[in-house]
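Student: For reference, the chains in residue letters:
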Amino acid sequence: DVKVTQSSRYLVKRTGEKVFLECVQDMDHENMFWYRQDPGLGLRLIYFSYDVKMKEKGDIPEGYSVSREKKERFSLILESASTNQTSMYLCASSPSTASSYNSPLHFGNGTRLTVT
Amino acid sequence: AQKVTQAQTEISVVEKEDVTLDCVYETRDTTYYLFWYKQPPSGELVFLIRRNSFDEQNEISGRYSWNFQKSTSSFNFTITASQVVDSAVYFCALNRDDKIIFGKGTRLHILP
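Residue numbers (the working numbering), protein chains in the order written: chain A, 1 to 116; chain B, 1001 to 1112.
Hints were generated in silico from the structure; no laboratory data involved.
Being a predicted model, the structure only gives us computed values, none of them experimental.
C-beta atoms are modelled at their ideal positions from N, C-alpha and C, and glycine is treated no differently.
One or more hints might be untrue.
Claimed, not checked - Examples of chain A residues lying across from chain B (beta carbon under 10 Å, computed):
hint, residue
1, 16
2, 20
3, 29
4, 33
5, 41
6, 58
7, 59
8, 73
9, 105
10, 114
To be verified - Here are some of the chain B residues that sit facing chain A, going by a computed Cβ distance under 10 Å:
hint, residue
11, 1013
12, 1014
13, 1044
14, 1093
15, 1104
16, 1109
17, 1111
18, 1112
As the list claims (entries may be wrong) - Derived pair list, reagent style DSSO-like, types lysine-lysine, alpha-carbon separation capped at 27 Å:
hint, chain 1, residue 1, chain 2, residue 2
19, A, 57, B, 1070
20, A, 57, A, 71
21, A, 53, B, 1099
22, A, 55, A, 70
23, B, 1016, B, 1099
24, B, 1099, B, 1070
25, A, 13, A, 57
26, A, 55, A, 71
27, A, 71, A, 18
28, B, 1038, A, 3
29, A, 18, A, 53
30, B, 1070, A, 70
31, B, 1099, A, 3
32, A, 57, A, 70
33, A, 71, B, 1003
34, A, 57, B, 1003
35, A, 55, A, 3
36, B, 1070, A, 55
37, B, 1038, B, 1099
38, A, 70, A, 18
39, B, 1099, A, 71
40, B, 1070, A, 18
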């Protein structure tokens, strides 16, 4: 079974702090994604990566950055956390195929971040 | 614009009843994929089904069935004889370019 592990289930940070959310997958997937989930808004794509050291902006990248130094690890960085970044963050991975967009995503359990 | 609409925000049914979750999509692509995911209270989204735009056959998997109709741009999901364990948030999704976009989800409560 594919396992996507997010390092923290719950996190509480202060406004202005630099926050790192870590995600590791163990199935050698090329593609990794970060979404945030908010009530009434569903899942929104923040950033994604199709290869090591590669990153692409999703729909809501402002206030975030990412890092992918190794294939199995994809980190989401909040440079200066703000209260409007309080949310559930979900990491996902998928294998690379001829058409990556049709590969089902495998999700982690999520990190619920509270910024106070 | 490509998007997914799940008009039902929340649904409650009594156990053993059938329930249908609606999904309407918009896309300008001729080839596309649709998905359904389940998010139980534990939080982890679980993939349920993928359907490509050329395959309009309905699919049944146990108590779950999916009705894909290109004419109405809908990909509805029916649970037959619902059980309490079906309580979850269900997301419909569509690929857009090389990404997958999600609807806002439908929270399903199955009451004992």
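Student: Quick one: which hint numbers does this structure break? Sort them smallest to largest.
Tutor: 1, 2, 3, 8, 10, 11, 12, 16, 17, 18, 19, 23, 30, 33, 36, 40
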